[in-house]
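Each chain, written out:
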Amino acid sequence: MEFLGYFGGVFEPVSLLLLIGGTIGGLILGATPGLSPTMAVALLIPFTFHLAPAQGLILLGAAYTSTVAGGAVSAILLKIPGAPANIATALDGNEMARQGHGARALHLSFLSSGVGGVIGVLLLIFLTPMLAQWALAFGPSHLFWLAILGVTVIGSLDSKSFVKGLLSGCIGLWLSMIGFDDIYGAQRFIFTDALTGGIHIIAALIGIFAIPQVLEMFSKGRDGRAIQTIAVPDHSLKDSFREILGSGRALTIGTVVGSIVGLIPGVGGQIAGLVAYDQAKKFSPHKDKFGTGHPEGVIAAEAANNAMVGPSLVPLLTLSIPGSPTAAVLLGGLLIHGIFPGTDLFERNPEVAWTFINSMLIGQVLMVVFGIYTAVWAAKIARAPIPIMASAVLVLAVFGSYSVQQSMGDVTIMISLGVAMFFLEKFGFSAAPLVLGLILGPIAEANFNQGTLIAAAQDGPMVYFFTGPLNLLLILLVVLSVGYSFWSNMLHAPGSAKLEPAE
Amino acid sequence: MKKLMTRLAMSLAGAAFAFAGTALAGDYPDRPVGVAVSYGAGGATDFQARIVTMVAGNEDMLGQPIYIVNKPGAGGRVGWNWFSTEAETDGYMMSAYNVPHFIAQSIKGGVKYSADSFEPIANWGADPAVVIVGKDSKFNTIQEMIDFAKANPGKVTLSGAGLFVGHHIAALQIQKETGAKFAYIPTKGGGAAAMKAVIAGDVLGGINNLSDAFRAREAGNIKILAVADLERNAEFLPDVPTLMEAGYNVDNSSVNFRGLMVRKGTPQEVIDKLAAKVPEMFAHKRVAKRMKAGGSPVKVMSRAEVQTMWAERQAFLADLLKGL
Chain A
0 MEFLGYFGGV FEPVSLLLLI GGTIGGLILG ATPGLSPTMA VALLIPFTFH LAPAQGLILL
60 GAAYTSTVAG GAVSAILLKI PGAPANIATA LDGNEMARQG HGARALHLSF LSSGVGGVIG
120 VLLLIFLTPM LAQWALAFGP SHLFWLAILG VTVIGSLDSK SFVKGLLSGC IGLWLSMIGF
180 DDIYGAQRFI FTDALTGGIH IIAALIGIFA IPQVLEMFSK GRDGRAIQTI AVPDHSLKDS
240 FREILGSGRA LTIGTVVGSI VGLIPGVGGQ IAGLVAYDQA KKFSPHKDKF GTGHPEGVIA
300 AEAANNAMVG PSLVPLLTLS IPGSPTAAVL LGGLLIHGIF PGTDLFERNP EVAWTFINSM
360 LIGQVLMVVF GIYTAVWAAK IARAPIPIMA SAVLVLAVFG SYSVQQSMGD VTIMISLGVA
420 MFFLEKFGFS AAPLVLGLIL GPIAEANFNQ GTLIAAAQDG PMVYFFTGPL NLLLILLVVL
480 SVGYSFWSNM LHAPGSAKLE PAE
Chain B
0 MKKLMTRLAM SLAGAAFAFA GTALAGDYPD RPVGVAVSYG AGGATDFQAR IVTMVAGNED
60 MLGQPIYIVN KPGAGGRVGW NWFSTEAETD GYMMSAYNVP HFIAQSIKGG VKYSADSFEP
120 IANWGADPAV VIVGKDSKFN TIQEMIDFAK ANPGKVTLSG AGLFVGHHIA ALQIQKETGA
180 KFAYIPTKGG GAAAMKAVIA GDVLGGINNL SDAFRAREAG NIKILAVADL ERNAEFLPDV
240 PTLMEAGYNV DNSSVNFRGL MVRKGTPQEV IDKLAAKVPE MFAHKRVAKR MKAGGSPVKV
300 MSRAEVQTMW AERQAFLADL LKGL
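Quick mapping for you: the protein sequence lines, in order, are chains A and B.
For the first sequence, the residue numbers in numbering that gives the first Met the number 0 are 0 to 502.
For the second sequence, the residue numbers in numbering that gives the first Met the number 0 are 0 to 323.
No wet-lab data here; the hints were simulated from the structure.
Among the hints, a few may not be true.
[Stated by the list, open to error] Pair ranges (Cβ atoms, derived):
#	chain 1	residue 1	chain 2	residue 2	range
1	A	L121	B	F147	43 to 49 Å
2	A	F188	B	D29	52 to 58 Å
3	A	T466	B	K154	14 to 20 Å
4	A	A136	B	F147	54 to 60 Å
5	A	Q186	B	G322	18 to 24 Å
6	A	L121	B	E143	41 to 47 Å
7	A	K219	B	P31	41 to 47 Å
8	B	G219	A	L479	55 to 61 Å
9	B	R231	A	F46	34 to 40 Å
10	B	T88	A	I387	39 to 45 Å
11	B	E279	A	G459	38 to 44 Å
12	B	D29	A	R382	41 to 47 Å
13	B	F147	A	D343	53 to 59 Å
14	A	G459	B	F147	19 to 25 Å
Beta carbons: idealized from backbone N, C-alpha and C, even for Gly.
Required output: the full structure, derived from the provided sequences and hints.
Structure follows, in structure tokens:
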């Protein structure tokens, strides 16, 4: 309960101003495609040079919290996830917006973000020492199995056909292999300079989600056919609150999954949303509604990606190990003020550490308030005529993919993947499994390679990858997940099972 | 409208003249100068580059601010490939270098640059490699570890930030000197991931940066067995012996030097001006204070000193990496 004593620091005028400014700024940055939470925090670090340590951290913490949630705005309204964390939000969120429930989707997304986020920070406050041990328990073999577990989800994610889902995932896995391999130094599929560093996930994300839509808008506009516009009518906030309270299952699944995944160093928020979405779907009595604009999809995904924020800081604050790219940037922000995270951080710098954590707690609440306010503005933006909308999305896509690494090569990659995705979608392939493959590929590959190197120095790969309680538990989950997919595929679509006996 | 267009065209022409004027380098710099960092935002190189360039805008320094451009990927290869082939040579785009990384990469091949593609300006930091083990490790001295490795070839797993970075070079040097055989495990997430592998016990030991190892030891997570440098680090690790002191002939070739360089072909007067001003900027007391607070060891070296250091590393690494 020690943290209660340090709430005063958060409510000092300058701190509060920074907190509000960081939250609003973070929402705007998060809603801009291409500006990921990592970038937003890195951009803010120079500003903290001139602030007291605690105040600087308040700014960074507020920005981290709200950029993660802000990414939902573009995911819902434009179907462009602001960051990998928001991919799952786009699946049902954008469908809701198309059906005229945009404001409702935004309300639900910010409310569930807030609930998940507050619980995540509370976990950070009360369970840090225990969680730190848990975070360290994951070695290369476990991360490999975890990534494989993610791969088993691919087939069932946002796809009418199990086979096409798996095929999209394979394309993503293949794309993830392009570039320089960090473990053996091999160069793979590098035909042009732009591919030396591989395909950047943000550039791929923007291309795969935004470009097919832009092409769709332009092609329909040319035909002069009726174009589906997105209207964002006002939605009663009271109804949204009631709906959130009634969605306990999705909210719980999202928060639990987000907290657990957030803890594991090196996996982090990129997959929290997608795994939570998949679990919420499996446990829901309305499985078929997922992907058609089902609110539970939005709630599970957003609760998860904000629940991840607090636990993702556990390895950083206790062991000085940044578990995610954003945490690495935050470490820089701490060091620059002479604060070394470690086991005794809370004894040596209690006011800085607790003020930072408390500000994230208050930041979650502010994020909900300001986020809901954006729904009002979103309505105005969404009313723009289709040709202007399509052009604006295209400009944002080019700007976003360029700004990640100031590289025109990324823009070329973004456009190429986007055009390819446009045609793939015509054949019933979907974007989310492809992106999940692209995210999981490097995690699985690097950990497998590292694991085999370590195994060679110990008792061989069979022992290293197949023994130990955590390995066995993860393998069991993989088997269950594959088995479940088979079973539900046979059960729900006997016709398609007959057509596709191969897998 | 027409009037507006004319005015716009005129101001553009004016701007073009202004740019043409800078090529003559008389009043260089008259606009902000970029620094390309070949690693991601928030990494050690990026973080330090932002600190050491923060006083560039002062009147007695460059008089123009410096901004950072991140070009990460493939262990730095993406950024340096870009810099050696596409960057302007007018002095308005510098790059941060990491030695031995870029020299070792150019020796191994597959990149478009070599030490001859660049002109050094000045060095700001030197982060030696240290040999570390987890806090509960059975090894308490470097001798114990090396003796064990000799008795059990290939059984000692050592994590490091990647292939052909300082950590890997240090491991290769120790192997060559002692005849011991390690299993070097490169990690994907850089030095932080390599440190996590040691703390969590995924590997028996590791080679990491002095600055990061110092913090990890302060937090009670690891033991530091030796430092791969010519002298002990008096400021951060006065109690840790060098490999030389421990009886192994391993020098400072794996020390991670960081500094600024420009592309070959940059006018000599621009290089001279930068070579005169940049070391002053690195030595500024506000910079020193921030670097010390962040646990980042500072080592300011002039252009001439860096040229010598590059040439030495080139010769040494060409020999060490031969036949690998």
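Now the hints, each set against the structure:
1. For the pair L121 of chain A and F147 of chain B, the beta carbons lie near 45 Å from each other, so the given range of 43 to 49 Å is met.
2. For the pair F188 of chain A and D29 of chain B, the supplied restraint of 52 to 58 Å is violated, since their beta-carbon distance comes to about 44 Å.
3. For the pair T466 of chain A and K154 of chain B, the beta carbons lie near 18 Å from each other, so the given range of 14 to 20 Å is met.
4. For the pair A136 of chain A and F147 of chain B, the beta carbons lie near 26 Å from each other, so the given range of 54 to 60 Å is not met.
5. Judged by the Cβ atoms, the range 18 to 24 Å given for Q186 of chain A and G322 of chain B holds: they are separated by roughly 20 Å.
6. In this structure, L121 of chain A and E143 of chain B meet the distance hint of 41 to 47 Å, their C-beta atoms being roughly 44 Å apart.
7. One distance hint, 41 to 47 Å for the beta-carbon pair K219 of chain A and P31 of chain B, holds here, with the actual separation near 44 Å.
8. For G219 of chain B and L479 of chain A, the hinted distance range of 55 to 61 Å is not satisfied, since their beta carbons lie about 39 Å from each other.
9. At about 37 Å, the beta-carbon gap between R231 of chain B and F46 of chain A stays in the expected band of 34 to 40 Å.
10. Checked against the given bound of 39 to 45 Å, the beta carbons of T88 of chain B and I387 of chain A, roughly 41 Å apart, stay inside it.
11. Separation of E279 of chain B from G459 of chain A is about 57 Å and departs from the stated range, judged on CB atoms against 38 to 44 Å.
12. Checked against the hint of 41 to 47 Å, the C-beta distance between D29 of chain B and R382 of chain A comes to roughly 45 Å, which is consistent with it.
13. Between F147 of chain B and D343 of chain A the CB atoms are about 32 Å apart, so this pair departs from the stated range of 53 to 59 Å.
14. As the Cβ distance of G459 of chain A to F147 of chain B is approximately 20 Å, the hint placing it in 19 to 25 Å holds.
Going down the numbered hints, you'll see the structure goes against 2, 4, 8, 11, 13, while the others check out.
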